[in-house]
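Chemist: Sequence:
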Amino acid sequence: MRHLKLWIVLQLSYHVCPAQNSCDILIKNGKIIDGTGNNWYYGDIAIKEGKIDRVGKSLPYIANKTIDAKGWIVAPGFIDVHTHIEGDEAKNPTADNFIYDGVTTVVAGNCGASNVDIGRYLKWIDSLQLSVNVASLIGHNDIRKAVMGRANRDATPQELSQMQALVEKAMKDGAVGLSTGLIYIPGTYSKTPEIVALAKIASRYNGVYASHMRDEGDKVTDAINEAITIGREADIPVEISHFKLSGQQNWGRSKETIAMVVNAREQGLDVTIDQYPYTASSTSISTLLPDDILADGQDSIVARLKNPAIKKRVIDEMLARLKKRKLKHFSYAVVASYRPDSNYNGKSIEEINLMMGRRHKVKEEAETIIDIMINGGASAVFHGMGEEDVKRIMQYPFNMFASDASIRVFNQGVPHPRGYGTNARVLGKYVREEKVISLEEAIRKMTSLPAQKFQLKDRGLLKEGMAADIVIFDEKQVIDQSTYKSPHAYSKGFHYVLVNGRLTVDQEKHLGTRAGKALYH
Numbered sequence: 026m027r028h029l030k031l032w033i034v035l036q037l038s039y040h041v042c043p044a045q046n047s048c049d050i051l052i053k054n055g056k057i058i059d060g061t062g063n064n065w066y067y068g069d070i071a072i073k074e075g076k077i078d079r080v081g082k083s084l085p086y087i088a089n090k091t092i093d094a095k096g097w098i099v100a101p102g103f104i105d106v107h108t109h110i111e112g113d114e115a116k117n118p119t120a121d122n123f124i125y126d127g128v129t130t131v132v133a134g135n136c137g138a139s140n141v142d143i144g145r146y147l148k149w150i151d152s153l154q155l156s157v158n159v160a161s162l163i164g165h166n167d168i169r170k171a172v173m174g175r176a177n178r179d180a181t182p183q184e185l186s187q188m189q190a191l192v193e194k195a196m197k198d199g200a201v202g203l204s205t206g207l208i209y210i211p212g213t214y215s216k217t218p219e220i221v222a223l224a225k226i227a228s229r230y231n232g233v234y235a236s237h238m239r240d241e242g243d244k245v246t247d248a249i250n251e252a253i254t255i256g257r258e259a260d261i262p263v264e265i266s267h268f269k270l271s272g273q274q275n276w277g278r279s280k281e282t283i284a285m286v287v288n289a290r291e292q293g294l295d296v297t298i299d300q301y302p303y304t305a306s307s308t309s310i311s312t313l314l315p316d317d318i319l320a321d322g323q324d325s326i327v328a329r330l331k332n333p334a335i336k337k338r339v340i341d342e343m344l345a346r347l348k349k350r351k352l353k354h355f356s357y358a359v360v361a362s363y364r365p366d367s368n369y370n371g372k373s374i375e376e377i378n379l380m381m382g383r384r385h386k387v388k389e390e391a392e393t394i395i396d397i398m399i400n401g402g403a404s405a406v407f408h409g410m411g412e413e414d415v416k417r418i419m420q421y422p423f424n425m426f427a428s429d430a431s432i433r434v435f436n437q438g439v440p441h442p443r444g445y446g447t448n449a450r451v452l453g454k455y456v457r458e459e460k461v462i463s464l465e466e467a468i469r470k471m472t473s474l475p476a477q478k479f480q481l482k483d484r485g486l487l488k489e490g491m492a493a494d495i496v497i498f499d500e501k502q503v504i505d506q507s508t509y510k511s512p513h514a515y516s517k518g519f520h521y522v523l524v525n526g527r528l529t530v531d532q533e534k535h536l537g538t539r540a541g542k543a544l545y546h
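Numbering of the sequence shown is given in the numbering used here, commencing with residue 26 and proceeding in unit increments.
Treat the hints as calculated values from the structure; they're not laboratory data. Model, not experiment: these values are computed from the prediction. Some clues are possibly wrong.
Claimed, not checked - Per label pair, the in silico range of CB-to-CB distance:
hint	residue 1	residue 2	range
1	Asn64	Ile399	55 to 65 Å
2	Asp531	Lys482	20 to 30 Å
3	Asn368	Asn63	50 to 60 Å
4	Trp149	Arg229	19 to 29 Å
5	Asp151	Lys76	13 to 23 Å
6	Lys460	Lys76	31 to 41 Å
7	Lys90	Gln273	44 to 54 Å
8	Leu379	Arg346	16 to 26 Å
9	Arg145	Gln183	23 to 33 Å
10	Thr304	Asn368	24 to 34 Å
11	Leu536	Ser152	18 to 28 Å
12	Asp531	Lys76	12 to 22 Å
Note that CB positions come from ideal geometry on N, CA and C, so glycine has one too.
Assemble the whole structure, with the sequences as input and the hints as a guide.
Modeler: Set out below in structure tokens:
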């Protein structure tokens, strides 16, 4: 009888005082949106040694640090699939603009621009340690430059073989796929078979083909068809970068372009897209010039632009393009960064032309563009997309959000606001205020969808065993503060950000933590 009483006491003690596990960080009482697209639910998350140890309700854990997330959303860290961080990593390793926007992982090497030696680059990323994780594509433009410079011609069989070898090495070294920038030099000089031949190598190593297409305006359907053809012939998943319609004459055509992606998927082709939630793009001002002018380097560009006959043709072509846009001035093109004269930063070509003392004539604005190019060029913001197209593209299920931005150096230049506010803008403007998509769907597009596409197998979900990349934010307050006029402003509403289980933002303050690492394919 005594033994029976003792057994009953022990059993009652066990149920009243369950054993407690230990963890590094315990997130309690949050509204968990796990990245799958399913509805939120209340729960706790225990984090241990950089991983999610357990997800559930009232977890019996003792933690070194406990975060009470009551009233806030707990979600996987956001994955930005289209960035251009190369060259800015060491300038600002804490990557504040990304971290304050909830981004914990970036994919570099987009638009055909990357380090050619991906293995060396990823090792350097690991040694530098950023605040964000970094995966990288291998860029076609830089491979082509390494083999044949900026030549405006087809690759010889030997040159193609050299390019294939560089892609193969990059894939073996950890690249997540191949990217192209087919409006940039020298990518624009390549033909579809060359890209297919290189994409086949990336496909062999289970990579992705990500493309800044040849055209995002009048000939956008031809460009989409080319991307789909490359996917089909190389048997490779396709990611169409910064999906958009440029030029007022093309507004509304997203119905047509999205239908092409839907049709490709119905045929069994893995085609997805990404976008930034703005009506302006940003790239080099050189894109205003005809492609053939930009071959063979700056000296050759200057020589051509100083030739009166060539200069006249360039001006005529620029004016014809402007007329197609139904515009009378180059007011839509705004300089973001011009090294010779920072007074031009934030000013439109129309304004700069007047600053130079020239007449308010569109032909003289074209000459101003040529002068800027002769002096080394500039980056610019181009206002040319329609809001309804942005919203329609946003609602497409297999679309991801991406900044198309680099690591920002605070107060340097007048860059596109997307580098600071992409995700917060989606969550604040398009989810909370305009209800274009649901909160759960927005987070799926920022987390598990990009993780699946780029095969980041331990990211993108709040699930036991996954890397503890986590954001905690207030859905009622999250908002972007960066604008075209005043872009250097961090997003608000992200109270906590964890990268690989380490607290990086604590009560909306970046701690300077650099827990990011290179992610190898």
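Chemist: Asparagine 64 and isoleucine 399, beta-carbon distance inside 55 to 65 Å?
Modeler: 57 Å, holds
Chemist: Regarding lysine 460 and lysine 76, is the given constraint of 31 to 41 Å on their beta-carbon distance met?
Modeler: With a Cβ separation near 35 Å, lysine 460 and lysine 76 satisfy 31 to 41 Å, so the hint holds.
Chemist: So does leucine 536 sit 18 to 28 Å from serine 152, Cβ to Cβ?
Modeler: Holds, since leucine 536 and serine 152 (Cβ atoms, about 21 Å apart) stay within the stated range.
Chemist: Does 44 to 54 Å hold as the CB distance between lysine 90 and glutamine 273, or does it fail?
Modeler: At roughly 52 Å between Cβ atoms, glutamine 273 and lysine 90 fall inside 44 to 54 Å, so the hint holds.
Chemist: Between aspartate 531 and lysine 482, is the Cβ distance one that fits in 20 to 30 Å?
Modeler: Since the Cβ atoms of aspartate 531 and lysine 482 sit about 28 Å apart, the hinted range of 20 to 30 Å holds.
Chemist: At the C-beta level, are aspartate 151 and lysine 76 separated by a distance inside 13 to 23 Å?
Modeler: At roughly 19 Å between Cβ atoms, lysine 76 and aspartate 151 fall inside 13 to 23 Å, so the hint holds.
Chemist: Cβ-Cβ distance between arginine 145 and glutamine 183: within 23 to 33 Å?
Modeler: 25 Å, holds
Chemist: Is it true that the C-beta distance of threonine 304 to asparagine 368 lies inside 24 to 34 Å, as the hint says?
Modeler: For threonine 304 and asparagine 368 the Cβ distance comes to about 26 Å; the hint holds.
Chemist: Kindly confirm whether 19 to 29 Å is satisfied by the beta carbon distance between tryptophan 149 and arginine 229.
Modeler: For tryptophan 149 and arginine 229 the Cβ distance comes to about 26 Å; the hint holds.
Chemist: Leucine 379 and arginine 346, beta-carbon distance inside 16 to 26 Å?
Modeler: Given a distance of about 21 Å, which is inside 16 to 26 Å, the answer is holds.
Chemist: Holds or violated: the 12 to 22 Å window for the beta-carbon distance between aspartate 531 and lysine 76?
Modeler: 20 Å, holds
Chemist: Regarding asparagine 368 and asparagine 63, is the given constraint of 50 to 60 Å on their beta-carbon distance met?
Modeler: 52 Å, holds
Comparing the model with each earlier hint shows no violations; every hint is respected.
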